[in-house]
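Asks: From first to last, the protein sequence lines stand for chains A and B. Under this note's numbering, the residue at position 109 of the first sequence is numbered 109, and the numbers go up by one with no gaps. Heads up: take any position in the second sequence, counting from 1, add 1000, and you land on this note's numbering.
Honestly, I wouldn't trust all of these hints.
Residues from chain B that keep clear of chain A, each with C-beta distances beyond 12 Å, as calculated [claimed, not checked]:
(1) Leu1051
(2) Pro1063
(3) Glu1080
(4) Trp1185
(5) Pro1189
(6) Arg1193
(7) Lys1263
(8) Arg1312
(9) Ser1380
(10) Pro1382
(11) Phe1383
(12) Gly1389
(13) Ile1424
(14) Gly1427
(15) Glu1440
(16) Thr1452
Straight-line distance between alpha carbons at most 25 Å, and here's what the computed SDA-like set of lysine to any residue pairs gives [said to hold, decoys possible]:
(17) A:Lys233 <-> B:Lys1377
(18) B:Lys1398 <-> A:Asp108
(19) A:Lys139 <-> B:Asp1388
(20) B:Lys1469 <-> B:Val1375
(21) B:Lys1377 <-> A:Met109
(22) A:Lys191 <-> A:Arg163
(23) A:Lys96 <-> B:Lys1377
(24) A:Lys296 <-> B:Asp1388
In short, the hints are calculated from the structure, not lab data. Treat the numbers as computed from the prediction; the structure is a model and nothing was measured. A virtual CB, placed ideally from N, CA and C, is assigned to each residue, including glycine.
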Amino acid sequence: MTDHKLEIDEVSGVETTGHTWDGIQELNNPLPRWWLYIFYASIVWAIVYMVFMPAIPALPGTGMTNTLGIRGHSDRALVAEDITQLNAQRAEGSAKLLTASLSEIETDMNLQQFALAMGESAFGDNCATCHGAGGRGAKGYPMLADDVWLWDGTLGGIETTLRHGIRHYEDPDTRNNAMPAFGRDGLLTSKEIDNLVQFVLVKSGREGDAAAAGRAAPIFAQQCTSCHGADAKGNRTLGAPNLTDQDWLFGGEPRDIQQTIYNARNAHMPAWQGRLDDATIKALAVYVHSLGGGEK
Amino acid sequence: MTKVTLISSRDPDAPKPERPDSLYEKRHQIYPKLAHGKFRMVKWLVMAGTLGVYYLIPWIRWPRGDGIPDQAVLADFEGEKFYFFFLEIWPQEIYFLGGLLILAALALFLVTSLLGRVWCGYTCPQTVWTDLYIWVERAFEGDRAARMRLDKAPMSLNKALRKGGKHFVWLLIAFLTGGAFILYWHDAPTIARTFFKGDAPLTAYFFAGILTFTTYMLAGTMREQVCTYLCPWPRIQGALTDEHALNVTYRYDRGEPRAPLHKDQGFEGRGDCIDCKQCVQVCPMGIDIRDGAQLECIHCALCIDACDDIMRKVGRPTGLIAYDTDRAVSARAQGGTVKYSLLRPRTILYSILIVLISTLILWGYGAKSTYEFSVLKDRSPPFIRLSDGRVRNGYTLKLVNKSTTTQQVDITVKGLGDAEFEIIGIGTSQPGGGLTVTSEAHGVDRYRMLVTIPAGDEEDRDNLIVEIKDPDTGETIEAGAPFARGDR
């Protein structure tokens, strides 16, 4: 404790507060006036804000989450309003889009631009996570811009895939097939699978052990042709991929092919019907179709 | 508990350390007296003209065609275009505005080297609005002497009414100034209507508010301080003016030695200046022109009017203060004369530059293309290998048509050998062939293009060139983009 008497510091000419630590005295420099006024003004502002805007959390049991303020402001309401506005803005184009055929969409430049813009943004939000920006694809997630389609590359086909998904079992119309896990389930021996790998390599025009491939030919005819076809070119109705081209969804290295035959690969895509509205699904189909692989 | 001595035992009577004098000088209120004469008249006319231009130009209509704003002068931010009567400038042509600014600067230089600071004295918005505000002030509070008396008098109903009325009219003018400003950025009749209904964009209210505030502050309360402390131009002026420039000049060769005029005394053996200080009283900058050329002087020539008035009264020739050059004054002081010459290296240089740049702008504007065209390559995927070995790249074409007619244009690609291309919704070209697309009037069209090179194309070609051609005018524009082959 100290006895304080009014002292003026010689050097600065400022009064001291009487506080001292290790011989260092505290000077009584008041806050600048402008700072003080702004401080008071912000207190007034805070009170006004609390009256007008949602501010104070309500007590539990009152049935309210917070005070609402006399302006009735609500961020949720604003978002809802924005969405309503967006839908209203899109209403005309959406209605036209839903009934339009592919050729109508492609020749009506305004409708095409509308569909592409809407599709592009929806693709970025929902699809790009797996299929990549611009539908570039990744291992296990098909590239959408090339001309290889597992199921159907027409506008209608793409729309069906979008609506019902692939192996989305909650949806009875989902695209579905199941390649057996030949190794894991003991349908084929490891040796037979290794031979089949060589067979597929040769079929797709690459270097492989011709003797092994020859030994696998009867196994292929017995086990694989029902889906992949006698010529191994696949079957779109069943979603069976073409084994003779250079496009390998899960990798084309012998090791990848061996894994595919041993364990099978049955990838999933969710059904978007019900999660996205009809117009958005159609716009997405148009967008994917325009990426380059779309079929007539 | 210890008792601590707070202050060292230095001598309380010792002199305090000296503090520097304040660098801040309080403003002295200036009470400019009303001048009468030809320069005052010129200033009234220029004020009417410049204010008229400012307030009326946005209302002029200039039909351009369907769907295009018909306002003669408009900076259309929503439509991303700038309209100035017959000129129409798109964002990518903003350099034309740069050219106009350079022209304006050069014109200012030329006028300055010929006539001194006429910009400051007559046409600068700060001068015009300050003059208008002083006029209002005079209407409410009277001329110089009355205003000085009123300011000294204690507050009364009369004083409150006069001051209040003045500030009200000032604010009104300030609001009209800020309000007129936003007319340049929106369709004037529409924004004028929506502004008062509360439907105008927030930016309109914001800028109207800012301009109202600055007009009120700069013309009402800051006045000459803007010219002296804020404006860079008086400093630049120092580099532009020279002994040849016509400036408002006190002709000391004639005026000195100055002395008050006593009755029954002639002008023998003395100068013409009778030290009546009329030139000081009318000065809106609060300076004495007899001190010579000064940074503060805006060369408004009101002191010429005031002095001429006095010279007529005392029976001496007018023009003791007049537009004159330093060169002429010093020549006369030594008994000689010089003629004012318009043609000097400086004025000739500015004139040549002005002609040169105007020609460049006009030529550039005349030769500018009807179309602008760009080709943007898809970043993802960088390339697409098709099942038959062909390689494809996706592009977005952006085609700008600045004319007011919708036109069919031909598109061809070059640089990739036998590449074929497809435009979504238009069709697929034959190798070496082209496609025709629509370029909408006064708008931007986007097309999606896919370019595919044949399988086994090993040529070292990785640049796509797309050409558009207007078949009617033969105008062609090329744009390029890389082509990713995926093999390297």
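Asks: All the hints need checking, so say for each whether the structure fits it.
Replies: Here's how the hints hold up against the structure:
1. Every Cβ of chain A is farther than 12 Å from the Cβ of leucine 1051 of chain B; the closest lies at roughly 36 Å, confirming the non-interface assignment.
2. No beta-carbon of chain A comes within 12 Å of the beta-carbon of proline 1063 of chain B; the shortest separation is about 26 Å.
3. At roughly 18 Å, the least C-beta separation between glutamate 1080 of chain B and chain A is larger than 12 Å, which holds for a residue marked as non-interface.
4. Every C-beta of chain A lies more than 12 Å from that of tryptophan 1185 of chain B, the closest at about 24 Å, which supports listing it as non-interface.
5. Every CB of chain A lies more than 12 Å from the CB of proline 1189 of chain B, the least distance being 26 Å, so the non-interface label holds.
6. Non-interface status of arginine 1193 of chain B relative to chain A is upheld: no Cβ of that chain comes within 12 Å, the nearest being about 23 Å off.
7. For lysine 1263 of chain B, the non-interface assignment is confirmed: its Cβ lies about 57 Å from the closest Cβ of chain A, beyond the 12 Å cut-off.
8. Against the 12 Å criterion, arginine 1312 of chain B stays outside the reach of chain A, whose nearest CB is about 53 Å from its own CB.
9. With 12 Å as the threshold on Cβ separation, the claim that serine 1380 of chain B sits away from chain A is violated: the shortest Cβ distance comes to roughly 4 Å.
10. Proline 1382 of chain B, annotated as away from the interface, has a beta carbon of chain A within 12 Å; the closest lies near 8 Å.
11. Some Cβ of chain A comes within 12 Å of the Cβ of phenylalanine 1383 of chain B; the nearest lies about 10 Å off, and the non-interface call is violated.
12. Not every CB of chain A is more than 12 Å from the CB of glycine 1389 of chain B (nearest about 8 Å), against its label as outside the interface.
13. Non-interface status of isoleucine 1424 of chain B relative to chain A is broken: a Cβ of that chain comes within 12 Å, the nearest being about 5 Å off.
14. Once the 12 Å rule is applied to beta carbons, glycine 1427 of chain B is inconsistent with being away from chain A; the minimum gap is 9 Å.
15. For glutamate 1440 of chain B, the requirement that its beta carbon stay farther than 12 Å from each beta carbon of chain A is not met, with the minimum near 8 Å.
16. Listed as a non-interface residue, threonine 1452 of chain B fails to keep its Cβ farther than 12 Å from every Cβ of chain A; the least gap is roughly 9 Å.
17. Between lysine 233 of chain A and lysine 1377 of chain B the alpha-carbon distance is near 33 Å, which puts this suggested pair outside the 25 Å criterion.
18. Taking the CA atoms of lysine 1398 of chain B and aspartate 108 of chain A, the gap is about 17 Å. The hint holds against a cut of 25 Å.
19. In summary, the hint linking lysine 139 of chain A to aspartate 1388 of chain B is supported, as the alpha carbons are separated by about 20 Å, within the 25 Å threshold.
20. A C-alpha spacing of about 15 Å is found between lysine 1469 of chain B and valine 1375 of chain B, which places the hinted pair at or below 25 Å, so the restraint holds.
21. A C-alpha spacing of about 21 Å is found between lysine 1377 of chain B and methionine 109 of chain A, which places the hinted pair at or below 25 Å, so the restraint holds.
22. Only pairs whose Cα atoms come within 25 Å are accepted, and lysine 191 of chain A paired with arginine 163 of chain A is rejected, the gap being roughly 41 Å.
23. Restraint check for lysine 96 of chain A and lysine 1377 of chain B: not satisfied, since their Cα atoms lie roughly 30 Å apart, outside the 25 Å limit.
24. For a cut-off of 25 Å, the pair hint linking lysine 296 of chain A to aspartate 1388 of chain B stands: about 18 Å separates their Cα positions.
Going down the numbered hints, you'll see the structure goes against 9, 10, 11, 12, 13, 14, 15, 16, 17, 22, 23, while the others check out.
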